[in-house]
Every structure is written in C-alpha cells, then in structure tokens.
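*Asks:* Spelled out from the first residue to the last, the chains are:
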Amino acid sequence: MITLTIDGRTVEAREGQSVLHAALDAGIYIPHLCDHPDLEAKGGCRMCSVTIDGAEKPVPSCATEVREGMVVDSHTEAAEAVRRTSMELMLATHPSECTGCPKYGKCEMQSMYQFMGVSAQAWRHHPRSVPTNDSNPLITHLFIRCIRCGRCIRACQDKRGVKVLDYVHDKVGIHAGVPGGKSLAEAGCRFCGACIEVCPTGSIVDVVGRMERYPAYADNVVPCRAECPAHIDIPAYIRAVREGRPGDAVGIIREKVPFPLVLGYICNHLCETGCKRSDINAPMSIRNLKRFAADNDTEQSWKEKYLRTAPPTGKKVAVIGGGPCGLTAAYYLRKKGHDVTVFEKRPELGGPMTSGIPAYRLPLDEVRKEIQLILDTGVKAEVNREITSAAELKKDFDAVLVAVGVSKGRRLPLPGADFQQVYTAMDVLADNRAGKDMGYLGKSVCVIGGGSVGFDVARSLIRHGMTVNLACLEQADKILADAEDQEEGAEEGVNILPGRAFEAIEGTPERVAGLRVHTVLSSTYDKATGKVTEVAEEGSQTVIPCDSVVFATGQYTGLSDYENFGIRLNGRGYPENDGFKTSEEGIFAAGDAITGISFVIKGIAQGRDAASEIDKYLGGDGNIDETLVERTADPYIGEFPGFAALPRVEQEVMSAESRKTNNENVYRTYSCEEASCEAQRCLQCDLRLQFEKIKLWSDFGGVEA
Amino acid sequence: MKQCPVNELLSYVRGHKCLDCGKCVFGYEGATQILLALEDITAKRGKPADLEQMRKLAQYMTEQSLCEDGEELGKAVLKALDASGDEFALHIAKKGCTAGVCRAFVTYHILMDKCTGCGDCMDVCEEDAIAGKKRFVHVINQSDCIQCGKCLDACEEEAIVKAGADKPRCPPRPVPCKRK
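Note that the protein sequences, when read in sequence, are chains C and F.
Read in order, the letters of the first sequence correspond to residues 0 to 704 in numbering that gives the first Met the number 0.
Read in order, the letters of the second sequence correspond to residues 0 to 179 in numbering that gives the first Met the number 0.
Rather than coming from a laboratory, the hints here were simulated on the basis of the structure.
Wrong hints could be hidden among the right ones.
[Said to hold, decoys possible] Label-pair restraints from in silico Cβ distances:
#1 Ala-92/F with Gly-104/C: 38 to 48 Å
#2 Ala-482/C with Cys-66/F: 57 to 67 Å
#3 Gln-689/C with Cys-66/F: 47 to 57 Å
#4 Lys-132/F with Gly-180/C: 57 to 67 Å
#5 His-125/C with Lys-55/F: 13 to 23 Å
#6 Pro-130/C with Ala-92/F: 37 to 47 Å
#7 Arg-168/F with His-125/C: 33 to 43 Å
#8 Glu-638/C with Ala-92/F: 54 to 64 Å
#9 His-125/C with Cys-66/F: 15 to 25 Å
#10 Lys-304/C with Cys-66/F: 27 to 37 Å
#11 Lys-93/F with Lys-162/C: 26 to 36 Å
#12 Lys-43/F with Gly-700/C: 29 to 39 Å
#13 His-124/C with Ala-92/F: 19 to 29 Å
#14 Cys-66/F with Phe-639/C: 24 to 34 Å
[Claimed, not checked] In silico lysine to any residue, SDA-like type, Cα no more than 20 Å apart, as pairs:
#15 Lys-170/C with Leu-35/F
#16 Lys-181/C with Asp-205/C
#17 Lys-580/C with His-463/C
#18 Lys-93/F with Arg-123/C
#19 Lys-56/C with Gln-52/F
#20 Lys-1/F with Glu-71/F
#21 Lys-580/C with Phe-396/C
#22 Lys-170/C with Gly-14/F
#23 Lys-314/C with Gly-377/C
#24 Lys-162/C with Glu-185/C
#25 Lys-314/C with Asp-397/C
#26 Lys-105/C with Arg-209/C
#27 Lys-41/C with Glu-62/F
#28 Lys-55/F with Ala-121/C
#29 Lys-46/F with Cys-676/C
#30 Lys-55/F with Glu-79/C
#31 Lys-477/C with Gly-464/C
#32 Lys-55/F with Glu-87/C
#33 Lys-78/F with Asp-68/F
#34 Lys-56/C with Glu-71/F
#35 Lys-55/F with Arg-209/C
#36 Lys-43/F with Val-207/C
#37 Lys-55/F with Gln-120/C
#38 Lys-46/F with Lys-477/C
Note that the Cβ used here is the ideal one computed from N, Cα and C, for glycine as well.
Could you put together the complete structure from these sequences and hints?
*Replies:* Below, the structure is given as structure tokens:
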C-alpha cells in the first residue's frame, strides 16, 4: 500500500494505481472525462488536472501513478484553470443545445460542465456538423456530439479487440467512427455495445426505443434473459457451448429450471423474440443450443451441487399435480430443506411432458431422466393419487400447492358434441403417449382447433396412418400454432382448413359421419364478452366426412368438477389467488391452474416463484437462487470479419416421408460443429454489463465545485 | 513580395498535424480556436481580446498537449506574437495589413500621374466600381470594390496598385489626366 495526501486527506492506494483512481476510491471527486476505469488512461482531456508537490505545471491525474508521500491538490488555481479551459474548448465545438440529445440527463459531459459552471462564451463557437447515422442496426451514431475522448475506440480496439472504430477525418474535422465510410456490418462490428456503454456523451447510443422496453437497465441490455420467464442466464450458457463446455451450459440452465432437456426440445423460446441479433439478420437459435448442451452433457459437473439440499426444516409441503410447475416447485422447496410430497392423479409424473406432448416432439426417456433427478433430491411422489380436496390434504401438511394445470379438455357446444366418437385432445394425446392402440378413432379424423395442441393431435394421428383434417376458425395467417408446426404438419399430410366455423357433428350417437362447417371470410373475437362475430361465405356449407372428431379447443382445471375442493374458485373454475396465495391459509396455487393454458417454461417459472413464496410462508428467506457454475467471460472477443452475416444454423429435419411412419424426434440435434457455429453468432450483450458504471460528481457526498 | 506574419501563421496552423489528429483537447481544439481566430483577424473580423486569449491558449498548448506536436504549435504561436505583436494589433484594430497580403485589408488605387484615361479598367470591372471618362483619371469607388484584381491586370500603364496600411493619395473624383 502507498500512502499519499490528496486535497488534504491521507489516502491509501495500491501500487501502480493512478492518482485519479486513488482519489475516486477514497471518495474524493476529481472531474475526468476521457478516463474510464476499464480502459487504459490516455490523458488527452486534462479534465483531471492536479498539482503535484506544489509544482508549477498541472498534470493529468489519470496518467500519473501514485508515489509514497505524494501531495496532490486538485483545487490549485493552475489546475482549475487548465480544467476550465479544457471544458470550455470542448463545449465550443459541441452542439450547444442539450435538450434534444438522447443522453440528456445521463451525459457525463453535461453533468460535469454544470458542476463546474463553465460555458464556452469566450471562444468561437464552431460545431462540426456530422450527419446522424441511424442506418446501422442496434447502434446509432451522432458524431456531431463526439468530443474525441477516444473511449469507444479504446473499448473497440483494446478491450474487445474488434478493431472497427477509429479516429475518422472528414471534411468537418476529426471524430470517432468507422474508417472508409463502411457500415458497421461491413467493417466487422460484433455489435457488443461496448462503444455505447463507454461513450460519455450522446455520440454513440442504442437505437431509439431499445432501452425503454423494460424498467431495469440490465434487462434492456440483455433482452433474451429478460424475455425468458425463468430468466435463464442465456448469454452465459451460449458462451459455455461455444467454448466446448456443454456441461457448464447445462449447469447454468439448471440454476433456473430443472428441465433443460425438455426445454431444449419443446420450449416456445420467448428469448429468441428478445434476441438483439434479430435486428441484424436472424435471432440466435437459443433453444437448439440448449438441446445440444443437454444432449452432450456427459460429465454432469453440476450434479453434486444440484442435488444438495438444505438441512431439514421439519416442514411438510404437499404439491398437487406433477407437471412442470408442480415438479419445479417441489424441487426448489426440497432444496430449501422441506419435506415435499407430490400427488399425481395419472400413473406417471410429468403432466403434459409425459401424457400430452407427443414423442416426435419430446422423447419420453429424456423427460424421465429429468424427473428422476428431482426425485433424487428426496422429493416423494404418489402417483395414481387424485386429490379431491386441498383443504382436506392441508390437515396433514404445513403448506399445499395446487398445481393441477389444465388437464380437462373443453368441447364446443355443437349438436353432436356428446357423440361416442367425439373426443378431447387431452384424452387422445394421453392414449397416444401411453402407446395405446388408436384404432378406436377410425381411419379419418377431424381435429377442431389450430393451436399447438391441435397440431399435436393431428400430427400424432398422421403417424398412425390416419387421414387428418384440421379445421380452425382463424384465417390462414392467424393460425395460433407456430409456423414450424403448420409447415411440418402440412408436409406430413395434415389437411389444414383455416377460416371454418363449426355447425354440427353429423351422424348418430354411435357413429359419427362427418363435421358440418362453413367458410368464414373474417371473424373477430370480443375479449370482454367472449363472443365471436363472423362474416360467413354464402353457400360454403359442407360436411367433412370422418369417423371421429377431436376437440382441441381449450382446457380447464377441472377443479369445479369436484364436490368441494376446499378453496374459492372464480367463475371460470380457477382458484382465486393473490401472489399465489389462495383463499385458504397455507394453500397456494400456481401454473396453468391460475394462468390458464401456457407453455412449459411459463409453468416452470411459476413453480419457482411459488416455491419462493411458500418457503417464505414456512419461515425461510425465499431465496432459491443458486450458482452451479462460476462464470468467466473474456471481454476480448477479437476480430471477426463477416460476423453480421453469419446465418442462423437450423437443425436438420427428418424428411416428411420418414416422419410419417415413426415417432422419433423430428429434428436431429446439432453436431458439435453446428453448435459452435451457432453459438459464435451471439452478440454477447452481457459483456457490456462488465463495464464499471461511471460515478458522477453527484454520486460523491458533499462535493462542491 | 512582402510577407504578412499574421497570414503566415494562419497558413502554418492550417497545415499543422494537430488538426489531423484529435487525440487531445489542447492540441486539437486549441489549434482549432487559433485557426478560427486567425481567420477572423485576417478577414478584418478580429476582436480586441483575441491577442491575449491566443497567447494564453498557446501557453496551455505548450504545457498540456499530449505530444510534442501541440507543444510545437503553441510555441510557434507565441513566437509569432512576440515577434510581430504590432502587426497582429494592426490587423485587429482593422487598420490594415502592412504587407498587403490579407485581402480584406487590401485596397486598389489608380495613380493620378500614370492613368491615361483609356477606360480599359472600367471595361473589365464587373462591379461598375470605377468612375471616369476619356482622358480623365479614373477613380475606384472603395465601397463598391470587391478587390477582385481584374483592373490591375487590364491596365497597360501600370497605373493601378494594391495598398496595405499606407494608401497612395488619389483624387476623390475624376480629374483631367496629366499624362497624355
């Protein structure tokens, strides 16, 4: 340690530290502009001028190393004069209006000149009018505001090694920029955003609107993580995949969700809608990288920590429903040391993962492996146990979680809807998953409903050699299922009939003859009343002949079917709840059972949040966060010509012909090469958060100009 | 041809490395302000405070630039101010450019004893700034003259001259020529 005096105070500093940072660390504010704690000091702006040991000539404190016994004064007349003159000179060529600047109120230069109380009046005003460049994705250049501090250039050149930004000389003068008039993509920019992060003025900024999507700054910087309902640390696990550490990737995923394999197959990947790379060419294929990691995780290095549980708390928790939400909650509650029992009415745990989603989308073995890991923590499970009263169960437990999902299929009120050969998707998918003979459906089936469940039914039945018509009210461009499902379903032979309204099921109660429909040109759904208004095409009435009809038109909890489940239900049969708490003390509800039908990741996120709530209720701290894998992230990402153009790598898909005849997963997981190709497309937005936040004078207590 | 130290310094600053660099405030913004000041001074737009401000800025440039280029530029400014302070002051006071180099200060005059009243200069003057008639000494109306110099080239008698601070005596309006 080195001891020196700064502005009359004795200060301890590290060997090799700059005088500026010794002062800032000690809470002494010295203005500074071109210096950044994460970048090499240059000393170009002289804002941090100080007088050392009474010398006549002030020196920049950022570029001066501390020395034992040094006496530093930042307030001498000479130092203040240099500082003021420097600021005046910068202001003289800077646009004089701050109010129109995107950095208004957050600008280091604005904060500083207001603190110093200087203006450029004495000098000749000479703004260098560089036109704004908003033609690049993600990053907007307003170099009219550039003060040539060189921070962005040092960040791009030295910190990142991308070497795109440099000093550019054009007819109005010098500013930071891309030499040769190239676009960022042409120059090899990796869009990491380091330049934005370090710019002290409003010269390099995120494109308009980018930073206003979420309340938290970090969420705007890393939107994939923000979009994921469970907030998985996506950039970190993509990095692990790229660096050939699939096990670490899985560990990172498991910090937030106990089903990496399942999600790798079937997640609806909201993260990808957040991915900033969408603005450049196409989003990262995040889900497929997750599957690659899970498929290639041979060492399971996270396992020991993953299975470790806190000492027993002596509290007993019952979870009703062994689906994604219930199992997730059970896992995290068990981790917190509670004695957890899951009650499942079906013969197997897993909910839709084992009894709904067909094998061609999600192999059963994979699901079972993940469920087993949850049981390995000591979670108890009772299958074939249907709970008809949560209140009754509560008598034996300290807390109960109702996570029953929406397992009952809904039928439209059509004439004939109660015929023998009319089924709900839930029943058909469960039988299909259980490997039952599906012959009872006959040779030709009509599926009503164009959501992902409808397509699951239709595509499953195609695999049983049936003729399948899938009809839905939505017009072709409004079909609810995702595009892949529609495209692949059609390839496999599903006859998709969009824009149809359903009139009746024809035939006799014992034998369905067909489904009577007519074509609608448009339809609107009124959310408030739940009524659908349609414009029918005249004379379009027709009967689609079939042996059976399957309704994939929504699901409900089924809780109102019980005589008295013991908690208050709302008019639609969902538990009344407030932050997972139901009407009854100690009984909680989460997942689809309160949100209505949703995706697996949503259920998992609900399970996590509910577990945290229940832990708090049981006297715990509610903290279920855990680090299974220590993070390392090299900020030097290096040059990569053509980075922006790297195409999204798609998984190889089995041919439609072979898909039709077997139940295997439709996609082949990435090869190592494909995975690292895809992973290297990541912009690594999270690296930007490594930069230290610059403290303004107002962050230092009691600073006076 | 005589040299004007103000104009010479302007040319020197214009071509200086500091304006091509931008890596430090005192080098780049300092050079820019010196350049702007000199451009104004040579264009008859100097301000009384310029001299002192340039001197102070140049001093900072010698001490606070990031490399010796800025230091060199600061020193060159100080040297010029020391050596030719009076000439700078003359420019700033808008009295003139002794060497007749700075165009804003230059005036054109027709010498009474050389003019033959031929009318050639009047013919080329696009501003109609020259008054006169045959065998009368022509006279340049200074408020209309734009110092384009075409008359100077057109005059075969070498009767037209440029003037800096010292102006030749000329008649206020055309008078009969002495020379035939």
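*Asks:* Each of the hints needs a verdict: does it hold here or not?
*Replies:* Right, here's what the structure says about each hint:
The hinted window of 38 to 48 Å between Ala-92/F and Gly-104/C holds, with their beta carbons roughly 46 Å apart. Remark: the range hint 57 to 67 Å for Ala-482/C to Cys-66/F is upheld by a beta-carbon distance near 59 Å. A hinted range of 47 to 57 Å is violated for the C-beta pair Gln-689/C and Cys-66/F, which are about 31 Å apart. For Lys-132/F paired with Gly-180/C, a C-beta distance near 59 Å keeps the hint of 57 to 67 Å intact.
Restraint check, His-125/C to Lys-55/F: a C-beta distance of roughly 18 Å satisfies the suggested window 13 to 23 Å. For the pair Pro-130/C and Ala-92/F, the beta carbons lie near 40 Å from each other, so the given range of 37 to 47 Å is met. For Arg-168/F and His-125/C, the hinted distance range of 33 to 43 Å is satisfied, since their beta carbons lie about 42 Å from each other. Restraint check, Glu-638/C to Ala-92/F: a C-beta distance of roughly 58 Å satisfies the suggested window 54 to 64 Å.
Distance hint check for His-125/C and Cys-66/F: the Cβ-Cβ separation is about 23 Å, which falls inside the suggested range of 15 to 25 Å. For the pair Lys-304/C and Cys-66/F, the supplied restraint of 27 to 37 Å is violated, since their beta-carbon distance comes to about 54 Å. Between Lys-93/F and Lys-162/C the beta carbons are some 51 Å apart, a value that contradicts the proposed interval 26 to 36 Å. Between Lys-43/F and Gly-700/C the C-beta distance comes to about 53 Å, which lies outside the given range of 29 to 39 Å.
For the pair His-124/C and Ala-92/F, the beta carbons lie near 24 Å from each other, so the given range of 19 to 29 Å is met. Our hint of 24 to 34 Å for Cys-66/F and Phe-639/C holds, since their Cβ atoms are close to 33 Å apart. Proposed proximity of Lys-170/C and Leu-35/F is supported: the alpha carbons are some 16 Å apart, at most 20 Å. In summary, the hint linking Lys-181/C to Asp-205/C is supported, as the alpha carbons are separated by about 19 Å, within the 20 Å threshold.
Under the criterion of a C-alpha separation no larger than 20 Å, the hint pairing Lys-580/C with His-463/C is inconsistent with the structure, at around 44 Å. Pair hint Lys-93/F plus Arg-123/C holds up; C-alpha atoms about 19 Å apart against a cutoff of 20 Å. For the hint pairing Lys-56/C with Gln-52/F, the CA-to-CA distance comes to about 19 Å; that is within 20 Å, so the pair holds. Proximity of Lys-1/F to Glu-71/F is assessed by CA-CA distance (about 25 Å); at most 20 Å being required, the pair is judged violated.
This hinted pair checks out: Lys-580/C and Phe-396/C have alpha carbons roughly 16 Å apart, not beyond 20 Å. For the hint linking Lys-170/C to Gly-14/F, the alpha-carbon distance of about 14 Å falls within 20 Å, and the restraint holds. With a CA separation close to 14 Å, the supplied pair Lys-314/C and Gly-377/C stays within the 20 Å bound. Taking the CA atoms of Lys-162/C and Glu-185/C, the gap is about 12 Å. The hint holds against a cut of 20 Å.
With a C-alpha separation of about 6 Å, the suggested pair Lys-314/C and Asp-397/C falls inside the 20 Å cut-off, and the hint holds. Of the pairs offered as hints, the one joining Lys-105/C and Arg-209/C holds, with about 16 Å between alpha carbons and a cut-off of 20 Å not exceeded. For the proposed pair Lys-41/C and Glu-62/F, the alpha carbon gap of about 16 Å is at most 20 Å, so the pair holds. The suggested pairing of Lys-55/F with Ala-121/C holds, with an alpha-carbon distance near 13 Å, which does not exceed 20 Å.
Restraint check for Lys-46/F and Cys-676/C: the C-alpha separation of about 64 Å exceeds 20 Å, so the hint is violated. Distance restraint check for Lys-55/F and Glu-79/C: the Cα-Cα separation of roughly 15 Å lies within the 20 Å cut-off, and the hinted pair is therefore satisfied. About 28 Å separates the Cα atoms of Lys-477/C and Gly-464/C, which puts this hinted pair outside 20 Å; it is violated. Distance restraint check for Lys-55/F and Glu-87/C: the Cα-Cα separation of roughly 14 Å lies within the 20 Å cut-off, and the hinted pair is therefore satisfied.
Restraint check for Lys-78/F and Asp-68/F: the C-alpha separation of about 15 Å stays at or below 20 Å, so the hint holds. For the given pair, Lys-56/C sits about 17 Å from Glu-71/F by alpha-carbon distance, which is consistent with the 20 Å threshold. Distance restraint check for Lys-55/F and Arg-209/C: the Cα-Cα separation of roughly 45 Å exceeds the 20 Å cut-off, and the hinted pair is therefore not satisfied. Note on Lys-43/F and Val-207/C: the hinted pairing is violated, with a Cα-Cα distance of about 45 Å set against a maximum of 20 Å.
Proposed proximity of Lys-55/F and Gln-120/C is supported: the alpha carbons are some 16 Å apart, at most 20 Å. Using a Cα cut-off of 20 Å, the hinted pair Lys-46/F and Lys-477/C is violated, with the two alpha carbons roughly 71 Å apart.
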